[in-house]
Amino acid sequence: MAKLEYAPAPESRAIVDIASSYGLFIGGEFVDPDDGTPFKTVNPATEEVLADVSAAGPQDVDKAVQAARRAYNRVWSKLSGRDRGKYLFRIARIIQERSRELAVLESIDNGKPIRESRDVDVPLVAAHFFYYAGWADKLSYAGFGPDPKPHGVAGQVIPWNFPLLMLAWKIAPALAAGNTVVLKPAETTPLTALLFAEICQQADLPAGVVNIVTGAGETGRALVEHPDVDKVAFTGSTEVGRQIARSIAGTPKKVTLELGGKAANIVLDDAPIDQAVEGIVNGIFFNQGHVCCAGSRLLVQESVADELMTRLKRRLKTLRVGDPLDKNTDIGAINSAEQLARIRELSEVGEAEGAERWSPPCELPDRGFWFPPTVFTGVSQAHRIAREEIFGPVLSVLTFRTPAEAVEKANNTPYGLSAGVWTDKGSRILWMAQQLRAGVVWANTFNRFDPTSPFGGYKESGYGREGGRHGLGAYLKGAA
Amino acid sequence: MVTVLEALEGARLSEITATETSLRRFLHGLPGVDQVGAEARAAGLATRSIKTTAKQTAIDLAISMIDLTTLEGQDTPGKVRALCAKAQRPDPSDQSVPHVAAVCIYPDLVATAKNALGNSEIKVASVATAFPSGRSSLAIKQQDTRDAVAAGADEVDMVIDRGAFLAGRYGQVFDEIVAVKEAASDAHLKVILETGELATYDNVRRASWLAMLAGGDSIKTSTGKITPAATLPVTLIMLEAVRDFRDATGRQVGVKAAGGIRTTKDAIRYLVLVNETVGDDWLDPDWFRLGASSLLNDLLMQRQKTATGRYSGPDYFTLD
Numbered sequence: 000m001a002k003l004e005y006a007p008a009p010e011s012r013a014i015v016d017i018a019s020s021y022g023l024f025i026g027g028e029f030v031d032p033d034d035g036t037p038f039k040t041v042n043p044a045t046e047e048v049l050a051d052v053s054a055a056g057p058q059d060v061d062k063a064v065q066a067a068r069r070a071y072n073r074v075w076s077k078l079s080g081r082d083r084g085k086y087l088f089r090i091a092r093i094i095q096e097r098s099r100e101l102a103v104l105e106s107i108d109n110g111k112p113i114r115e116s117r118d119v120d121v122p123l124v125a126a127h128f129f130y131y132a133g134w135a136d137k138l139s140y141a142g143f144g145p146d147p148k149p150h151g152v153a154g155q156v157i158p159w160n161f162p163l164l165m166l167a168w169k170i171a172p173a174l175a176a177g178n179t180v181v182l183k184p185a186e187t188t189p190l191t192a193l194l195f196a197e198i199c200q201q202a203d204l205p206a207g208v209v210n211i212v213t214g215a216g217e218t219g220r221a222l223v224e225h226p227d228v229d230k231v232a233f234t235g236s237t238e239v240g241r242q243i244a245r246s247i248a249g250t251p252k253k254v255t256l257e258l259g260g261k262a263a264n265i266v267l268d269d270a271p272i273d274q275a276v277e278g279i280v281n282g283i284f285f286n287q288g289h290v291c292c293a294g295s296r297l298l299v300q301e302s303v304a305d306e307l308m309t310r311l312k313r314r315l316k317t318l319r320v321g322d323p324l325d326k327n328t329d330i331g332a333i334n335s336a337e338q339l340a341r342i343r344e345l346s347e348v349g350e351a352e353g354a355e356r357w358s359p360p361c362e363l364p365d366r367g368f369w370f371p372p373t374v375f376t377g378v379s380q381a382h383r384i385a386r387e388e389i390f391g392p393v394l395s396v397l398t399f400r401t402p403a404e405a406v407e408k409a410n411n412t413p414y415g416l417s418a419g420v421w422t423d424k425g426s427r428i429l430w431m432a433q434q435l436r437a438g439v440v441w442a443n444t445f446n447r448f449d450p451t452s453p454f455g456g457y458k459e460s461g462y463g464r465e466g467g468r469h470g471l472g473a474y475l476k477g478a479a
Numbered sequence: 000m001v002t003v004l005e006a007l008e009g010a011r012l013s014e015i016t017a018t019e020t021s022l023r024r025f026l027h028g029l030p031g032v033d034q035v036g037a038e039a040r041a042a043g044l045a046t047r048s049i050k051t052t053a054k055q056t057a058i059d060l061a062i063s064m065i066d067l068t069t070l071e072g073q074d075t076p077g078k079v080r081a082l083c084a085k086a087q088r089p090d091p092s093d094q095s096v097p098h099v100a101a102v103c104i105y106p107d108l109v110a111t112a113k114n115a116l117g118n119s120e121i122k123v124a125s126v127a128t129a130f131p132s133g134r135s136s137l138a139i140k141q142q143d144t145r146d147a148v149a150a151g152a153d154e155v156d157m158v159i160d161r162g163a164f165l166a167g168r169y170g171q172v173f174d175e176i177v178a179v180k181e182a183a184s185d186a187h188l189k190v191i192l193e194t195g196e197l198a199t200y201d202n203v204r205r206a207s208w209l210a211m212l213a214g215g216d217s218i219k220t221s222t223g224k225i226t227p228a229a230t231l232p233v234t235l236i237m238l239e240a241v242r243d244f245r246d247a248t249g250r251q252v253g254v255k256a257a258g259g260i261r262t263t264k265d266a267i268r269y270l271v272l273v274n275e276t277v278g279d280d281w282l283d284p285d286w287f288r289l290g291a292s293s294l295l296n297d298l299l300m301q302r303q304k305t306a307t308g309r310y311s312g313p314d315y316f317t318l319d
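From first to last, the protein sequence lines stand for chains H and G. Taken in order, the first sequence gives residues 0 to 479; the numbers are from numbering that gives the first Met the number 0. Taken in order, the second sequence gives residues 0 to 319; the numbers are from numbering that gives the first Met the number 0.
The following block holds chain G by itself, in its conformation from the complex:
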């Protein structure tokens, strides 16, 4: 089983992805994940105690990794502009707070966000491909992607077809990712696995490899629309996958944990997971992201507390 990974070193990726059969053989040949063991490892790392200077470093790192997100039917241009202002200057009273990595929105609001962000380094990430269910034709998914990119999206967050994946039609999922990647052109492609619907860690590992083999620049846990969204064990499995993929192919793929990460404590646990699974190479906004909205204010409150020793109330931070 494990030898499949070793075989990959010599094999050309195109051989693995040539046919549905070869793809299935590869994905089902990946080493299994023991659920109890994976969860125990994630729980063990969650007991790390990150204090004082380490906490300050971690908070700033976490802020700089946030994809500040609003994905609601009720989103308006005004709401998105407010989000963009918050993204650039999370704490108006403190210039030393870093800006977030990106704002994450629906495709029709990309132009508004791009406008609001102007020349800042903050990326505009757009969900696409009939987000969040992904239940539409490939043509529509591609067009959705092209629209987002044409409006100026720097990053595209696509969803995989979970129905096809669970039915074992790996080739179809693979082809869709390839097609969306093509439609996304130069935009950075994040592939949402929606791990809450994949049921097993073995499936999470397979879907991660599938997305990477198909050319995804990043793999992302969840849409945030179903429970459970990101969890520590799922993120651990995905981090192991990007680590092994780089070992085998030399290409580094990013990871985004999205949904359900609300507190500083949660965010720090994800950073510890990254730190001790894949290390410094991924401890960077280019390679690890936290998809969140309410998390940012908790990070700001904790940041102020570590700096001043005092904990001010939520009214001292902007709600956007």
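Only chain H is shown next, with the shape it has when bound in the complex:
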């Protein structure tokens, strides 16, 4: 037994009230679905059913879009930027006031450790609302012309990996620019979006400015294809992104897509090695690797590969996998059985293709969806685990000989969302950042987010930018 064993330190769930069933949030109130069917959302750490949620049918989606259109025509488009900003500031403050509640609910529904929902997700959510609240009355000075206009009604579809944060990325800039929205959260993680609906009520946001329709792919399709939606924003898989691009082709709809990634995290021989190890861990094991910009391909210079791997493996042995609500948990549960099956399948492919698989010794809970942190060494560019997005706590390690080779390998992917560079030499960072075809390049850090910074991809990682002034432009006519 270790000399200092950490006793369980669970965050209390008493702060959260989860209703037994939820309707749809349309026109400022929760309503029962017209043609929808109920489905269940579960706690991925225990498989316990949390609530019945309604899957919105086409009629429900139509109702929500109509409510958004009404709110746009009658209220939101007539408000001054200053008044829109007031609502956004109010929402941001309520998010801060109710941060613990939001963090606990996010961890219960998603499976992510409370340390992350508390210290990363929810603070960033509030920061996004504060940031875009500040833009609301300054659109004329944002560099998009003297009087930029919103699109109208935005249809937004978000993924399950950062349920509330992706909601904030979508709703905050849309509202600041003067649009109204219909948002569909992912089917496995609807609860924080529904709590956000309550926050909109608490903030007295005019009815219909924000509408939330829960459901799976069919609901999302109905929303994206609805003729009265002016702007589509989607974050999720490249496959669904392609379908959306096809379905809106030939329509006047504007679209931004934030899709998959297979980011290279490049460690050069002069890297600050202990911090690089932390950056690798944060790059791939943050949020169980359910991160589109995860550093899932480690490219390490051959001359330091052995030493780096020794240090990385030693570090991984200290990772704490388990109860997401325990404040000392580093890695929580995989979000769904379906995702777990995909991670298992690709890991088995990795082994079959000849890569060497390693995981630190760790006990996984009996119930729920779990996968140990996993590292594959001896991976080559030809392996599927080096090309396909696994979206789980699985790292593929490749080596390179020269910086030019690192860039070549890093760019040799259909994706291009993010990349990382680790070196003590500033000139190398600049040289490499210029060569890397990725929307975000982190230098001596990884997975750092800020509302002021634009985020988005090259190639199959999507188009358009979210965050910063660029993200605002995506919600204004003629700007993006």
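Don't read these hints as lab results, they were simulated from the structure. C-beta atoms are modelled at their ideal positions from N, C-alpha and C, and glycine is treated no differently. There could be a bad hint or two in this list.
[As the list claims (entries may be wrong)] Part of the chain G face toward chain H, derived, beta carbon under 7 Å:
#1 Asp33
#2 Arg40
#3 Ser184
Given chain H, work out where chain G should sit, using these hints.
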């Protein structure tokens, strides 16, 4: 860069320390420290939540690692005797409280402390080498050390010459540590880096390696006389250094965080840092120390609170 550490496995230490040039080449070849990353790691570990049984274990561990310190111009034999009594029995009302690791005092009071502690297991640590500035001749520093050891000091806390270090005269710093080590004879030598004056984490890493290469048994953050004294990131860098040094040479070196650690919460954060950076091998009073004075009473108050559920006031603990 990193390969320097690997090279060390095969190389003889004497080759690295043979000349000023070889020493400089080695120290400047150590992997760099990214300031933002190091501070983020330390801050991340500071969010660990240590409760109930873990907290009880941590409090007793922290008490047993304390170098109970008084380093004032106004120190008197009476003050030192009181400190020694407190060191042996921190809480007179509770026999189950462990004793501290050592008392840490100026050289002229070593004999008094040794007398007061009698046959107890508590070590007497004496600062030496023109503490805290270290601005004196080598002869005086050696004599200061010899005096302390002759009076019975079990441990010597020396300071490095920060001026020489910052001027790049690594050879001089190295030679001084070697000379003091020799003067300290069998006493355990702790080398104070005074990290608050070293300015960068790269320097902290270099000074740590320099002290270990020169034969220091322990490396210590600070004198406690300047701000900042011990910080979590600095201690993290030093822990990484002793870990890497053992990997490369097989010799284990201790770490002492000193100055500015006043609350139980602070102390537990240091223990978490040790636990998750170097693990059980260093979670021991022989290998990790907390240099402090007021910390002890806060640990005692928290100890009583975890045991009884009640928090009694400071008047229920002795002020020494």
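Results of checking the hints against the structure:
{"no.": "1", "hint": "Asp33", "in the structure": "holds, 4 Å"}
{"no.": "2", "hint": "Arg40", "in the structure": "holds, 5 Å"}
{"no.": "3", "hint": "Ser184", "in the structure": "violated, 32 Å"}
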